[in-house]
Structure formats: C-alpha cells, structure tokens
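Chemist: Protein chains in written order, with the working numbering: chain E, 1 to 256; chain H, 1 to 89; chain L, 1 to 151.
Be a bit skeptical, because a hint or two may be false.
Chain H side only, calculated, beta carbon under 10 angstroms to chain L, not exhaustive [to be verified]:
| hint | residue |
| --- | --- |
| 1 | T2 |
| 2 | A9 |
| 3 | L12 |
| 4 | A20 |
| 5 | N23 |
| 6 | L31 |
| 7 | A53 |
| 8 | L57 |
| 9 | G60 |
| 10 | S61 |
| 11 | A62 |
| 12 | V63 |
| 13 | P65 |
| 14 | L66 |
Read the hints as simulated data drawn from the structure, not as lab findings. Just so you know, these numbers come straight off a predicted model, no measurement behind them. Note that the Cβ used here is the ideal one computed from N, Cα and C, for glycine as well.
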Amino acid sequence: MTARGRLWLFLVGAAAFAMVFVTACFSLPPFGSVHHPYGERAVRAALSHHTANVIASVNFDLRALDTLGEETILFAAVLGTVVLLRQTADEQRTRPEPAVVRPRVRWFALAMLPFAMLIGLYVIAHGQISPGGGFQGGVVTATALHLLYLAADYRALERVRPVPLYEIGDAAGEAAYVVTGLGALLAGSAFLANVLPLGTFATLSSGGTVILLNAAVGIEVTSGIVVLLARFLDQAVEIGHADDGNDHGNDGKERV
Amino acid sequence: MTDVLIVVALLLVAGAATAAVLNRDPVRQALVLSFLGLALALLFTFLQAPDVALSQLAVGSAVTPLMILLTVRKVRRRPGDSTDKGRER
Amino acid sequence: MRADDGWLAVALVPLLALVPVLWRVSRGAPEDRLIAQNLSSLLGGLALLPAAQGFGRPAYVDVALVLSVLGPTGTLIYARFLGVLPGSRLVRRTALLGVPAIVLPLCVAAGPGRAMAKLLLIGALLIAGSVVTGAGGGRGRKAAADGGRTA
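Just chain E, with the same shape it has in the complex (with noise of 0.2 angstroms):
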C-alpha cells in the first residue's frame, strides 16, 4: 500500500472513530456531577457482598468475567513472550562476568527485598479492603524478587528464582480462576457467581470468592512477570549469536 494510501485509510478511520467517539461522550452522564448511575449501584452491590473496596468488589464480583479475559490477556501476552524470545539454534549461552556493585547498593538492595516483597504481598491480601489488588501487588512481589538483580548480578537472581516453578504459578494462577468460576457452577449458581460465605466487613476474611479470585490473579500476575522479565533477562545478558564472538564492550555503560 502506498503513503497515501495509508494516509487516506488512517483519516478514513479516524474520522469514523472521532464521529462514534463525539456522540458516546455527548450520552455519558455529565463530569463532576452528584448523580452517578452505575457507581450507586456497584457500591450498593459492594456493600452487600460485604466487601469495601468496591473497585474489588466491580473487578472480581460483578465483572469478574471481564477480568478473567484481562488475566487471560496477560497469560497469552506472557506465553507469547516466552515464544518469541526462547533460544534459537543460531544463538548460544554464555556465561556472563559477575557484576561489580557498590557495597552501599548490594546492602540497600537486599535489605530492601523482604520489604518490597512484604508490601507486595500486604497489596495482594487486603484487595478487598483497601486500594490495591492480585494485580498491583503481583507486579510489586514480581519486581521484588528482581533487587536481587540489582543487588548482585543476573546469576545470583537464577540461583533462587526457578523460572520453571514461576512457569507452573503462572498457569495455576489462571487456572484458579477458572475453577473458582466452575465452583461456583457445581454450588448451583451462575460461572463466577460469589457464592461463598461473605464474612465480616472490612475484615481480611470478607469478601466470599472476591479473596479466592484476588489471589488466583496474584498468583498469576507475580509468576507472568518474573517469567517475562527472566525472558528479557536471558536476551539481554546471556544470550548472544553464535558468531558474535568479539564484544565491543559497550554494553554495561550505553551513554545517553
């Protein structure tokens, strides 16, 4: 296709685009108003289900359909990623030197671990109650896990990170959530349907399914990222052509 081709398809596009887009915003309820149809009634459902964070309460309740496609995107985006970059034939492993890092960074890093991993798991378990969630929390422990890199270097992170187990969390997490939908099923309601006992607001107990499905999502999310990064993390710094033997020894410091 030619530019101008692409260009008169893309101003095609957008203009039809910009047209929808004009006449949903005119239908939207007005900003900043007092009266929020679907708020009222998710918060009312939230608070029925016994659940105070209501967004908790719209992501694995009311729409947990919506989110299993959501935790379904990330797991086929990981996977997809895994394919892309696994080691091919013409490309070989080497062992890369360790890293040098300054003391008060290799301190700072280590001491900070057990922290971030804490804060990330404190996300994951009161979704339910306060802001946060499988997801934010999952991303937090994931991240965590990677002061390690910081703090030593690439080998230090693969002695204690098994990518396969990770691989397996990965595809539990998921699989979680489904069963949870199907259990749900098998106690004679709707897929997805909260059906478990809903316990005492505000606790980390309340909530019925909204605590399986949040974990499930954690589960998910803290093993797909490590499992990404480790793929990122093998290009980068182990994998390399098989005819690239002579290093030009400027990757540690690339200069902006």
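Since the structure of chain E is provided, determine the placement of chains H and L on it from the hints.
Modeler: Chains H and L only, in chain E's frame:
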C-alpha cells in the same frame, strides 16, 4: 483545592507526554516515561482512583524501565552493529 | 479554607516542585536526568501523603508506600544500565528536610496507632531510598571496568 491539584497534575502529564515524544533516544524516553507514569499516578490519586494509581506505579516505575533498558541493551549488542551502522543512530 | 484544604495545599508544594524536575528529566546530561528521576519519585511520595490526609482517605497512603519502595528500585535500574549513580545533595536534602516536615505533622494528625506506624515506615523508606541513591560516590566500578557481558 482538589481542582488545583488536578489541574497541576494534568499539566505535568501533558508536559511529560510531550517531552517523551520529543526525545528520540529510547533510554532518554524511558526516563521521561518514568516521570509520566508518576504524574499519571498522582493524577489518578487526585481523581480518587488509587487502584489505578497503584497499577500505574507498579508497572511504570520499575518493570517497564527494566524491559525497555534490557531491550535497548540487546538491540545495541547485535553483531555488525558495533562496527558501522549501530553508531549512526 | 477548610482543614482538609490545608493538607491539599501542602500536597501542592511538592507537586509544583515537580515542574522544574520535569524540565531536568527531559533535557540535560544523563546524570542530571537520573537525579531528576530520583527526585521525582521522592516528591511524588511527599505529594501523596498529605493528599491522602486531605481527602480523608488514610488508605490512599498505600500508593505512597508502594512508591517509596519502587521509586529507588527504578533509580537503581537506570543506574545499572547507564553505569552511573550520580550523587545529589539536592535529593538528600529534600529527603532529610522534606520528609520529616511532612510526615511528622501527619503523624500528629493521625494520632498513635497503625496509621502512624505506616506513615513512619513510609517516611523511613523514602529517606533511606533517597540517601542511598543520592549519596553518589562517582562512577560505578563496574561500568568502568567490565567489557560488556556483565549481568
């Protein structure tokens, strides 16, 4: 007062997004992107959406920069790039 | 001005300080950009804490808690790849003066309890992160020494 905070955060977001586009080097863009992520997180918090702010912070402050920088390192180390064409960009 | 607006006005100070920081992060030498990135997460945390109080939503401090952990992590990631961790008296001073100036009044407002412990933890994490990432010490030995394949 909330409106003032929202307006300042919006301006920061607009400024950071423009700066990210105007920078051409991926590493510089990554740094501006970090700032943009922070400005967005502040904006979301001021708009009473802490859950979204947390998502933005979690992804934007460490994982995205790490992925961008690892990709840049991998791409710049390609064989052949070291001699001639890798230097021109 | 209501009492809540007072806290929001406090939040406005670090927020406005982010404007020149944005200028530094988008222009200038790599070291300056990295310092600006470091400073931005500190100022972000300092804006979030009084904002949570001003909105009357103590749970919002979780955002600052996550930022206090991930902000320095992000800076260290950049430092690893750029091969520099520039020292900055500005970052250290902002942390040592700004964090107590904002966290201690918030602790008084919160009163003894879990909320106060959380605020103190966030304050400690913000200071520790800024002092370590802002202490400098010239260029990393790693970047100067190794030939490339370092992890």
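Chemist: Taking the hints in turn, state whether each one holds.
Modeler: Do the hints match the structure? See the list:
About 6 angstroms separates the beta-carbon of H:T2 from the nearest beta-carbon of chain L, less than 10 angstroms, and the hint is met. Interface hint at H:A9: satisfied, since its Cβ lies 7 angstroms from the closest Cβ of chain L, which is below the 10 angstroms cut-off. Interface restraint check: H:L12 against chain L, minimum CB-CB distance 6 angstroms, threshold 10 angstroms, status holds. Below 10 angstroms, beta-carbon pairs count as interface contacts, and H:A20 has one with chain L at about 8 angstroms; its hint therefore holds.
Annotation: H:N23 was flagged as interfacial toward chain L, and the flag holds, the nearest CB pair being 6 angstroms apart, inside 10 angstroms. Contact between H:L31 and chain L, as hinted, is supported at the beta carbon level, the nearest pair being about 5 angstroms apart and thus within 10 angstroms. Satisfaction of the interface hint for H:A53 is found here, the shortest Cβ-Cβ separation to chain L being roughly 5 angstroms, below the 10 angstroms cut-off. Because the beta carbon of H:L57 sits about 5 angstroms from the nearest beta carbon in chain L, less than 10 angstroms, this interface hint is met.
Taking 10 angstroms as the C-beta contact cut-off toward chain L, the hint placing H:G60 at the interface holds, the least distance being around 9 angstroms. Using the Cβ-Cβ criterion of 10 angstroms, the hint placing H:S61 at the interface with chain L is satisfied: the shortest such distance is roughly 4 angstroms. Here the hint on H:A62 is kept, as its CB sits about 5 angstroms from the closest CB of chain L, short of 10 angstroms. With a cut of 10 angstroms, the hint placing H:V63 at the interface with chain L holds, because the nearest CB-to-CB distance is about 9 angstroms.
For H:P65, the shortest C-beta to C-beta distance to chain L is roughly 5 angstroms, which falls under 10 angstroms, so the interface hint holds. Look at H:L66: its Cβ gets to within about 5 angstroms of chain L, closer than 10 angstroms, so that hint holds up.
The earlier numbered hints are all upheld by this structure, with none contradicted.
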